[in-house]
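Can you make the complete structure from the sequences, with help from the hints?
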Amino acid sequence: MTEIIQYIQSYLGSDQTPGVAGNMFWALVYIMLVFAGLSVAVIAMNWLERKILAHMQVRLGPMRVGPHGLLQPIADAIKLLLKEDIMPAEADGFVFWVAPFIVVLAAFTVFVVVPFGPTHAITDMNIGILFMLGVSSLSVLGIVMAGWASNSHYPLIGALRSSAQMVSYEVAMGLAVVSAVLMTSLNAEGTGTLSMIGIVQAQQAQGEWFIFKFFPLGLIAFFIFAVAMVAETNRAPFDLAEAESELTAGFHTEYSGFRWSLFFLAEYSAMIAVSSIAVTLWLGGWLRPFPNLLHNATWDLVFSLFPGVTFLLFAAMCFYNAVRMPKHPLFRIQTIGLAGFGAVLGLIGLLLFVPAVSLRVQDVFWFAAKVAGFMYLYIWYRGTFPRYRFDQLMQMGWKVLLPMGLGVLILTASVALLQQRIWHP
Amino acid sequence: MAPVATPFFFYLFAAIMLLGGILVITRKNPVHSALALIVTLLAQASVYLMLYAPFVAGVQIILYAGGIMVLFLFVIMLVSIDRSIRERQFNSQWVVGLIAAVALGGLFISVYMKGMSVFPEHALSVIENDNTQNVASMLYGQYMFPFEIASLLLLVAIIGAVVMAKKRI
Amino acid sequence: MESLLHITTLHYLVLGAGLFLLGVIGVLTRRNVVIVLMSIELILNAVNLNLVAFSRMWGGLHGQIFAIFLITDAAAEAAVGLGILIAFFRNKETVNIDEVNLLKW
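Chains as they are written, first to last, in the working numbering: chain A, 1 to 425; chain B, 426 to 594; chain C, 595 to 699.
If you're looking for bench data, these hints aren't it; they were derived computationally from the structure. None of these values were measured; they are calculated from a predicted model. Glycine included, each C-beta is placed from N, C-alpha and C at the ideal position. Any given hint might turn out to be false.
[What the hints assert, rightly or not] Here are the in silico distance ranges between beta carbons for each label pair:
#1 C:LEU598 / A:VAL354: 51 to 57 Å
#2 B:PRO571 / A:THR109: 53 to 59 Å
#3 B:ALA528 / A:ALA89: 54 to 60 Å
#4 B:GLN567 / A:PHE101: 26 to 32 Å
#5 A:PHE353 / B:PRO571: 56 to 62 Å
#6 A:THR384 / B:ARG593: 30 to 36 Å
Printed below as a string of structure tokens:
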């Protein structure tokens, strides 16, 4: 038993990701952790999306299933698993079966290189950002196959539109990413890096997040990526291909039950994946605010209290809502459930105050907080913006974002060259 | 980065690639062939990773599997008619084709067996962590001219493809 | 048995040769134009594999760079080839290579 604890402790002090160290056991453990975390995140996103959209539309959202609808995602999952599995008559069986599999594969494999911390990643590939962009472009294949295999008009048109949109906005995304990667090469040796952990470490070494670098060039590149990533994941306001009033759910019309839930899972995972790219490239990844400027013991202590305080805030909100529940005997069990959930969150918050835990969890917390901000933005866009028509969408991708991306790239390169050669040689 | 279980992974990916290749040339439905080709290309990207060429692997995934195969799938969807699936799949000179391929295989075997002694003993070259940086410095230094010509070639290909596929020129 | 477990450059070359043969068989025996084009992609991939294997053996990066150029070439060729296929299909309504016989006497 002590050997196991010693083994775990000896690993916790390492300074490499398990993939780089060649440690297959810990790599598997990290894969399980990332998979579990992603599933919890998708479930939470489902609930949050319905509640936040509802509150933006001055209504309440799901309130019945659990206290404040907290058990709604579980009810949805059970419903989807129990639904009948329909396949259209003339559909190509094998391709119909394999299409959601490919989309889920592409959406989940990108998390192999996402850096939750300097050593908290499954592996750190030399080509991290290239790998993420490439594998997330494999989901286009799954969508095209899903539309074609359904053997029906609406899915086919929806798949063609969806894939054309995704391919167009990948170009703009790539240009924005290139201009961010270019900023990593502004160090003493003059070599940049494509590795995700290296990009965050370059931001730490240069002392500013890339979104603020060469103001406003970093901001414009971030803006281009933020718009392109919403179009890439087929979310509002670019969701013409899957909107109910336009194409009766587009490429996943003929999918029911478990297969549809795979598409849905892949969509939320892809959202989290591209948000991770944006956070890593522009917003400093796992770095807390002001890591270099405010770097003495008291500021470190203050910032290390944030994870625990956040969870205690959540617990306080749960308790407040539990107190405000109607005092009716039929609501008793919901009140107890909500109070119990609040107690669990409070315990997690108290656990996060322990220095040993807080030290390891710091980086993951800041990363998750920034990605959560992006998720909120996604839901906000869905609740606020009207939908783009398809030709307006393609026009914006090719005629607006692409020239802007090229311009930002050329300007960034010029300013970087000036800085390296003339201002600070 | 220490290599782990190299023979197992090599034989696994080699089997996937060869099986995918066989499926590409024997399926009736072109969409199934395209799927098998995607599997082959992804397995080949893994083999590139085993050969310590991560940049080529990334380019293979983005360009080949994520670009060229999407193009193929679009065109298959445009021209695939049910009549072509029910027709005879192999043309009338398939016997001669097979004999030619076997002869080519025999040539390969003889060349490799004769030349096996020329290959140096497989020394593990230095495992580098900056493959991308080295490729970049060579691509923009020594191979700058082919790089520019390649971009010109792509421009010509774009114009050619657009002109060929237009309804009215 | 020992030589089978120790993966040398020859293993990769044999794999490349196998893929090349499969591509050649596909080009020579199939009637569907799209599948012939896909077999040509198999051939190009086999050549790429050889290039990268030799680049690993000799330690330089020239093979990898040439492989990158080849992938770019394959993209251009696939685009033009498929454009020709679409133009031909619009005229003849078939994707059968044996029917491309307008110059036959």
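Structure-based check of each hint:
The beta-carbon spacing between LEU598 of chain C and VAL354 of chain A, approximately 53 Å, falls within the hinted interval of 51 to 57 Å. In this structure the supplied range 53 to 59 Å is violated for PRO571 of chain B paired with THR109 of chain A, their Cβ-Cβ distance being about 32 Å. ALA528 of chain B and ALA89 of chain A have their C-beta atoms about 47 Å apart, which leaves the hinted 54 to 60 Å range violated. Between GLN567 of chain B and PHE101 of chain A the Cβ separation comes to about 43 Å, which falls outside the hinted range of 26 to 32 Å.
For PHE353 of chain A and PRO571 of chain B, the Cβ-Cβ distance of about 59 Å falls inside the hinted range of 56 to 62 Å, so the restraint holds. One distance hint, 30 to 36 Å for the beta-carbon pair THR384 of chain A and ARG593 of chain B, is violated here, with the actual separation near 42 Å.
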